[in-house]
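The primary structure of each chain is shown beneath.
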Amino acid sequence: MAEKTFTVPIGPIHPALKEIESFILTVDGERVVNVELDLGYSHRGLEYIVTHRCNPIQAIYIAERICGICSTSHPYAYVQSMEHAAGITPPERAEIIRAIIGELERIHSHILWAGVAAHEIGFDTLLHWTWKIRENVLDVLEAITGNRINYAMFTIGGVRRDIDEKGIRQIRSSLQFYREVFDTFVATFIEDTTVKMRTRDVGILTREEAEKQVAVGPTARGSGVPKDVRYDKPYSAYADLDIYPIVPDEFTHEETKGDVYDRIVVRIFEVLQSVHILEDLCDLLESTPGPITYQQNLVVVLNQLKRAVGEGIGRHEAPRGEVFHYSMLNKREQPVVWKVRAPTYNNYASWIPMMKGTQIADIPIVIASIDPCLSCADRMTVVDERTGKSRVMTLQEMREMGWRKTKEIKRRVA
Amino acid sequence: MRKKRAGMGEAPYKKDNETFTYDGKKVTAYPAEKLFDMIKEDFGEDVEGEVKTFTAGVKKKKEYKEIWLKVKRERFHELVEWMSKIQVPHLAVASGRDAGEEIELIYHFSLFYGIRDSEVSLCVKVSLPKEDPVIDTITDILPGALITEREKQEMLGVKVKNIPDPRRVFTSDELPEGYYPWRNDNDPEVEKELVRDLSKEGL
Amino acid sequence: MFPVAIEVLKQMIKRPFTNPYPAKYKPKVTLTEVVELVQKGKIKLNPPVEVPEGFRGRIAYNIEECIGCQLCIKVCPSRAIEFVPEVKKVKIYISRCTFCSQCNDICPKKCLSMSKEFELADYEKYGKSLIIGATEDYVKKVEKEKKTADKKE
Ligand code: SF4
Ligand code: SF4
Chain P
1 MAEKTFTVPI
11 GPIHPALKEI
21 ESFILTVDGE
31 RVVNVELDLG
41 YSHRGLEYIV
51 THRCNPIQAI
61 YIAERICGIC
71 STSHPYAYVQ
81 SMEHAAGITP
91 PERAEIIRAI
101 IGELERIHSH
111 ILWAGVAAHE
121 IGFDTLLHWT
131 WKIRENVLDV
141 LEAITGNRIN
151 YAMFTIGGVR
161 RDIDEKGIRQ
171 IRSSLQFYRE
181 VFDTFVATFI
191 EDTTVKMRTR
201 DVGILTREEA
211 EKQVAVGPTA
221 RGSGVPKDVR
231 YDKPYSAYAD
241 LDIYPIVPDE
251 FTHEETKGDV
261 YDRIVVRIFE
271 VLQSVHILED
281 LCDLLESTPG
291 PITYQQNLVV
301 VLNQLKRAVG
311 EGIGRHEAPR
321 GEVFHYSMLN
331 KREQPVVWKV
341 RAPTYNNYAS
351 WIPMMKGTQI
361 ADIPIVIASI
371 DPCLSCADRM
381 TVVDERTGKS
391 RVMTLQEMRE
401 MGWRKTKEIK
411 RRVA
Chain L
1 MRKKRAGMGE
11 APYKKDNETF
21 TYDGKKVTAY
31 PAEKLFDMIK
41 EDFGEDVEGE
51 VKTFTAGVKK
61 KKEYKEIWLK
71 VKRERFHELV
81 EWMSKIQVPH
91 LAVASGRDAG
101 EEIELIYHFS
111 LFYGIRDSEV
121 SLCVKVSLPK
131 EDPVIDTITD
141 ILPGALITER
151 EKQEMLGVKV
161 KNIPDPRRVF
171 TSDELPEGYY
181 PWRNDNDPEV
191 EKELVRDLSK
201 EGL
Chain A
1 MFPVAIEVLK
11 QMIKRPFTNP
21 YPAKYKPKVT
31 LTEVVELVQK
41 GKIKLNPPVE
51 VPEGFRGRIA
61 YNIEECIGCQ
71 LCIKVCPSRA
81 IEFVPEVKKV
91 KIYISRCTFC
101 SQCNDICPKK
111 CLSMSKEFEL
121 ADYEKYGKSL
131 IIGATEDYVK
141 KVEKEKKTAD
151 KKE
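The listed protein sequences derive, respectively, from chains P, L and A. 1 is the number of the first residue of the first sequence in our numbering; add one for each residue after it. 1 is the number of the first residue of the second sequence in our numbering; add one for each residue after it. 1 is the number of the first residue of the third sequence in our numbering; add one for each residue after it.
Rather than coming from a laboratory, the hints here were simulated on the basis of the structure. These numbers were taken from a predicted model, which means no experiment stands behind them. Positions of the beta carbon are idealized from the N, C-alpha and C atoms, including for glycine. Any given hint could turn out to be false.
In silico negatives: residues of chain L with every beta carbon more than 10 Å from chain P [what the hints assert, rightly or not]:
| # | residue |
| --- | --- |
| 1 | Y30 |
| 2 | E41 |
| 3 | V51 |
| 4 | E78 |
| 5 | T137 |
| 6 | K161 |
| 7 | P176 |
| 8 | E177 |
| 9 | D187 |
| 10 | P188 |
| 11 | E189 |
Computed Cβ-Cβ distance ranges for the label pairs, DEER-style [unchecked claim]:
| # | chain 1 | residue 1 | chain 2 | residue 2 | range |
| --- | --- | --- | --- | --- | --- |
| 12 | L | G100 | P | T206 | 42 to 52 Å |
| 13 | P | V300 | L | G100 | 23 to 33 Å |
| 14 | A | P16 | L | I86 | 57 to 67 Å |
| 15 | L | K40 | P | N303 | 31 to 41 Å |
| 16 | P | V300 | A | G41 | 49 to 59 Å |
Using the sequences provided together with the hints, build the complete structure.
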């Protein structure tokens with residue numbers, strides 16, 4: 001066995017990646033027998049920057065730029081943690097607006113991911129189609145917040161912009177659009193035979209592993225763990241809604257396997273769930289007038305935060321799973337401690353059980369299946385241990401391997 | 001394949017919202033105060049802490065609770081074991097800070113996930129003296145804790161006993177030994193070498 | 001494959017979604033010549049898609065109103081704003097700005113605002129077009145004015 005295996009490093013860098021990491025795979029023929037992770041290539045030391053240089057207001061925008069796609073999830077958790085630390089309660093209308101932005105973001109993030117997943121299995125028609133329908137929600141976000149991403153909506157103690165009548169109308173018409181295209185979305189994605197054959201039984205994460213590896217978000221739910229912060233713990237306006245975590249067997253009518261297909265199902269139906277949540281939130285917003293911040297004057301807020309002593313945690317269910325922030329204030333301009341935990345931090349570990357036993361051609365989709373935004377292989381070197389020769393395999397080659405596999409399946413289906 | 005309002009209302013796959021079933025084992029949620037009393041009973045003097053209550057919601061107000069505990073480090077591992085008898089605890093992350101003479105680690109667990117509105121966050125603080133910052137690993141109970149433990153080793157300079165993989169995770173190999181970014185007592189000379197403020201350099 | 005095929009066929013008869021901005025094709029001349037032709041008005045450019053109300057583009061600064069309180073500097077997350085003590089005004093590096101508009105919110109005189117302009121490209125990060133407010137030219141101008149005012153007295 002030992003002399004037959006190869007070591008295959010994947011990564012660490014690719015210009016399009018948000019998270020850069022490197023995998024060292026040991027392969028036996030086409031099968032992966034062992035995986036090692038090498039992380040930290042994109043560590044930016046944001047916690048250090050904030051605790052040494054920024055006041056809590058500046059830190060909101062640092063938090064916003066942790067991730068481009070979850071650009072509202074990090075501020076969401078961050079402002080919660082700060083509000084707990086300083087004992088501030090945001091007004092009700094602000095809580096609803098926060099949840100609305102969070103859900104709109106989930107729609108765009110999941111659709112983006114669906115496109116990436118389609119690309120990884122060589123289904124580019126679907127990639128372009130999904131990204132086309134994603135534009136609709138981005139337009140709404142731009143109209144109500146001012147930018148397509150990095151909305152700059154959150155502030156400590158409330159939100160910065162109100163959503164008026166026109167904004168609500170725009171959201172409603174967008175929801176109508178998504179309800180209309182959703183059937184096509186399901187038909188082209190989940191019910192498609194090629195997609196199903198290509199992703200069923202690939203990258204399995206069992207329920208036990210998911211719990212032990214503390215997986216979060218759709219990665220955990222795809223394995224059947226009904227874990228969702230919006231359901232487990234009432235926070236913000238989510239406390240008013242009856243949400244339940246989406247697990248795949250409800251929609252596939254098959255046993256939950258915890259494979260890539262199950263994770264696709266969870267994400268796609270979460271788009272529909274978000275549409276339903278947004279309907280309720282729009283109604284709620286209309287019936288809740290009031291201020292949007294607890295204190296208009298930012299100078300007062302800054303001074304209060306400077307004097308505050310305390311600590312707090314903030315949690316939000318981001319598209320990729322639970323975002324967790326811990327902050328501590330102690331009579332200083334800057335926060336004393338700030339710890340950020342993004343969902344992928346927890347989901348890294350679940351790659352290892354997922355990848356063991358899969359084929360190299362499946363690696364891109366397995367990597368993409370936990371939604372680290374983009375598959376993170378730049379190139380891989382195949383080292384032949386017996387001859388000591390090595391050759392470099394580009395991401396393109398690897399993708400093509402994946403595409404060839406899809407074509408084969410298509411032939412078999414036809 | 002789809003239902004009317006997927007994701008809203010009562011979960012169709014759950015018979016009730018008070019329990020979480022896994023592997024034939026049923027987990028019933030109880031209030032944070034009771035959990036806190038149980039911990040107090042079993043650990044006595046070795047733990048201290050409080051239950052914090054927060055309210056959420058707009059029209060329907062709901063409460064949620066956080067337990068903030070301080071535990072002696074000798075009994076920390078035992079506490080995690082104790083929790084895992086109730087449910088596999090969810091570990092969000094371990095954070096930490098340099099508290100002068102000591103290093104304070106805070107493990108953010110939560111129990112009763114998967115049960116409507118009853119998740120309890122447990123923030124467990126453990127103080128380690130700086131001259132002997134050793135703590136037991138919990139990867140034997142929760143293998144997923146490995147990354148956060150490795151991170152605490154490199155960022156705060158704690159030593160995790162029996163850690164299966166002691167390498168660095170996030171910092172580069174070039175970072176000098178003995179420099180821990182989250183500590184306040186670093187050699188200012190080394191820090192000056194390492195930390196650049198690009199906006200001051202006009203970049 | 002079938003549902004996708006229908007979608008693809010539907011797309012074929014639709015007008016492309018993309019707005020050909022600034023023009024569909026570049027005329028077969030060099031880029032400098034294109035710029036010249038545009039300036040002469042020989043080529044007409046397509047307008048960009050309208051940006052919505054409340055879009056956060058290049059920052060606009062009403063320097064006369066500013067009282068030099070430095071609050072905007074305090075909240076700017078990217079340190080895009082610098083105080084110029086000679087004239088007690090601020091200088092803004094657009095290339096560092098992240099368009100969060102936090103400085104707009106805190107300014108007591110409301111002399112900062114976000115315009116709708118989004119075409120900010122320049123050859124240099126700190127090129128002339130990307131620094132506004134109390135630039136060197138402005139400082140010189142103010143000092144000159146001061147001198148002439150002094151002379152008159
Ligand atoms: S918009 Fe934001 S980043 Fe830009 S100058 Fe103002 S505070 Fe700074
Ligand atoms: S906050 Fe406004 S008035 Fe104060 S220095 Fe800045 S621009 Fe000038």
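Outcome of the hint check:
1. Its beta-carbon lying about 15 Å from the closest one in chain P, L/Y30 satisfies the requirement of being farther than 10 Å from that chain.
2. Annotated as non-interface, L/E41 keeps its C-beta farther than 10 Å from every C-beta of chain P; the closest such distance is 25 Å.
3. At roughly 14 Å from the closest C-beta of chain P, the C-beta of L/V51 stays outside 10 Å, upholding its exclusion from the interface.
4. For L/E78, the shortest C-beta to C-beta distance to chain P comes to about 19 Å, beyond the 10 Å cut-off, and the non-interface label holds.
5. Under the 10 Å C-beta cut-off, the non-interface status given to L/T137 relative to chain P holds; the minimum distance is some 14 Å.
6. With a minimum CB-CB distance of about 20 Å to chain P, L/K161 clears the 10 Å threshold, and the non-interface call stands.
7. No beta-carbon of chain P is positioned within 10 Å of the beta-carbon of L/P176; the least distance is around 15 Å.
8. Distance check on L/E177: its Cβ is at least 17 Å (rounded) from any Cβ of chain P, clearing the 10 Å threshold; non-interface status holds.
9. Interface exclusion of L/D187 from chain P stands, the closest Cβ pair being 16 Å apart, more than 10 Å.
10. For L/P188, the shortest C-beta to C-beta distance to chain P comes to about 13 Å, beyond the 10 Å cut-off, and the non-interface label holds.
11. Its beta-carbon lying about 17 Å from the closest one in chain P, L/E189 satisfies the requirement of being farther than 10 Å from that chain.
12. For the pair L/G100 and P/T206, the beta carbons lie near 45 Å from each other, so the given range of 42 to 52 Å is met.
13. Take P/V300 and L/G100: their Cβ atoms lie about 31 Å apart, and the range 23 to 33 Å holds.
14. Between A/P16 and L/I86 the beta carbon distance is about 58 Å. The supplied range of 57 to 67 Å therefore holds.
15. L/K40 and P/N303 have their C-beta atoms about 38 Å apart, which keeps the hinted 31 to 41 Å range intact.
16. P/V300 and A/G41 have their C-beta atoms about 53 Å apart, which keeps the hinted 49 to 59 Å range intact.
Of the numbered hints stated above, none is contradicted by the structure.
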